[in-house]
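Peer 1: Sequence:
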Amino acid sequence: MKKLKPYKRGNILLITLIIIFLIYFSAIIYFSFTIETVTLFNALYKSKLLVWSIFSLLIIMLFLVLFNIAQLVIDRVKKKEGTKFRIRLTFFFLIIASIPLMPLSVVSNNWISKSVNLLFISGIDTALRDAVEISKRLYDKLSAESKREWEALCRDCPESGIADAQFQNIDAVFFVETSGNKVYSMFVENDRVDTDLEELGSLIISDTIEDTWKKVNIKNIEYLLIPARNENNPDSVTLVRMISSDISNYTMSIIEGLQNYRRLKIMRKPIKGFVVILFIFVTLPFVLLSFYLSLIISKEVTVPIRELVIATQKVSNDDLDYRIRLDAKDELSLLIDSFNNMTEELRLNKKLLKYSERSAAWQDIARKIAHEIKNPLTPIKLSAERMLRLYEGDDKFRIILSKGIETIITEVNNITSMVNEFSRFTRFPDSKLEKYDIITMVNEIYNFVQNAYKNVEFSLYHNQKEMYLFVDRYQVRRAVLNIIYNSVDALPDNGRIDISCYPSEGRKGFYTISIKDNGSGIDDEIMGKIFNPYFSTKGKGAGLGLAIVEKIVFDNKGRIWFESFPGNTTFYMEFCKA
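When we follow the working numbering, the leftmost residue of the sequence shown carries the number 1, and every step to the right adds one.
These are calculated hints, taken from the structure and not from any lab test. Take the hints with a grain of salt, since some may be wrong.
What the hints assert, rightly or not - Here are the simulated SDA-like pairs of lysine to any residue, each with C-alpha atoms no more than 25 Å apart in a straight line: (1) Lys516 / Ile408; (2) Lys78 / Ile96; (3) Lys351 / Ser290; (4) Lys454 / Gly567; (5) Lys454 / Lys432; (6) Lys214 / Gln313; (7) Lys557 / Arg323; (8) Lys354 / Met387; (9) Lys350 / Leu64; (10) Lys215 / Arg323; (11) Lys141 / Tyr250; (12) Lys84 / Leu346; (13) Lys577 / Leu346; (14) Lys557 / Asp337; (15) Lys465 / Thr416.
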């Protein structure tokens, strides 16, 4: 299974956190607009899942922040490059994030205090108590009306006439025996009361009415139980009056309001503290997220800078092969690419300088050798030819002399050919750089070598129709052919050569030509010598083939390298895009 790179894991974590915070923020907005404050308090108080979710989010954010701070401190202790700058950058980000938070906290705290205090102004408590007192006086009035009506009836009518009386303010009359064990109703004026007679009777027997009236609730219907007396009957009398639903609801609402207000008044300070805690719970995750983002952003900025500092130190220590391997973004990516390209140019220029110095030395040696060898070759050849022409002696000796002179002339011609090759190396023509499609050239070379070497299998690969380079077409063609010739010489029977053209990996603006063979490979002992002039592992030639190839590549602003393993050797030539 392929592992994710650290920066990819960091991006996934950051995206996940942002999604979680968006959900969290959306939930806060939803609750703030759809749920009443008291209900929200109750939900937070009763819902363990909600509280633990918020608490877990805080713990996660706190862990991430502390973990990154610990990493930053460790880097600072180890004196890693860029840690000072990162600490300052993180500090500045934190200040920027805190600037709007501080006035927001002060204003929110004042607003919360004033809002809570507004709930408990003195007039509200008095108004609610007065409303409850008014409701009691209303019940007093209702009970008094029922009593007056009953007393008037008892005074004006004999006992036998009470049963037939019509009442306006009385819905039922209950008589309780003096023993208190039996109750019976004299009459019922209301059908609803009739359904509640049994329960009303039980309440009248079991409860003592100590005041002028007592309110009871049966099946959401409220009744007033009013004690009365009958001078003509020793049994106690209880009058029943059903309270209208409007009066009952208003009274209950007032009483509940007063009770809730008194409970809130008792919880006045806890409510303030709870609101402050709620504010902290809402804002602290965002503060931690801001801090975490400041750490991440500072790392995104300082890590490339730190890598640049390290790379600069490496380059100053003459390590021109060092490259910054970092997936930066935006302008930092451009800066890193520019630095890598600059380092590559320095490396190539240094290599070219060394090659130029070495090549100049070899050219001077070749020039002197060619001069010193070529001067005596001509008289030696002419003298040998003259001796053969003027000799008129024994035919047997003439045959021997003729063979010897032919050998001398042949070797002189070989030496002359080698000297001419030296001379060509010393007088290599200047490159004429021009825009040229390298695909056209490799197609021509491919067709040529396919016909020239029938016993070798060739393949050609390129992933673009056109690849324009700024090179000397004839020199680059000669370099490619020289490498192919060397590969053919190194191949076993049924050998294979692959020719490829493609954009360079990790180097924008460059194309690479590669020639790969399945020969025996290059021995480790001679890998550092194969581009040296006059070095050859073959028994023929002056050993200038790869030296000329290297000179061509350098003269065309390119670079050349190779990779060799047993059974596999690949030469690479890289040139700048036109």
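Peer 1: Hint by hint, note whether the structure agrees.
Peer 2: Consistency of the hints with the structure:
1. Lys516 / Ile408: violated (41 Å)
2. Lys78 / Ile96: Since the Cα atoms of Lys78 and Ile96 sit roughly 28 Å apart, the hinted pair is violated (cutoff 25 Å).
3. Lys351 / Ser290: Not OK: Lys351 and Ser290 at ~49 Å, beyond 25 Å, violated.
4. Lys454 / Gly567: holds (21 Å)
5. Lys454 / Lys432: violated (34 Å)
6. Lys214 / Gln313: violated (96 Å)
7. Lys557 / Arg323: Holds, at about 20 Å.
8. Lys354 / Met387: With Cα atoms ~49 Å apart, Lys354 and Met387 exceed 25 Å; violated.
9. Lys350 / Leu64: It is violated: about 47 Å lies between the C-alpha atoms, which goes past 25 Å.
10. Lys215 / Arg323: Violated, at roughly 92 Å.
11. Lys141 / Tyr250: Measuring from Cα to Cα gives roughly 16 Å; hence the hint holds.
12. Lys84 / Leu346: violated (30 Å)
13. Lys577 / Leu346: Satisfied, since the Cα-Cα distance of roughly 18 Å is no more than 25 Å.
14. Lys557 / Asp337: Judged against 25 Å, a Cα distance of about 19 Å means the pair holds.
15. Lys465 / Thr416: With Cα atoms ~45 Å apart, Lys465 and Thr416 exceed 25 Å; violated.
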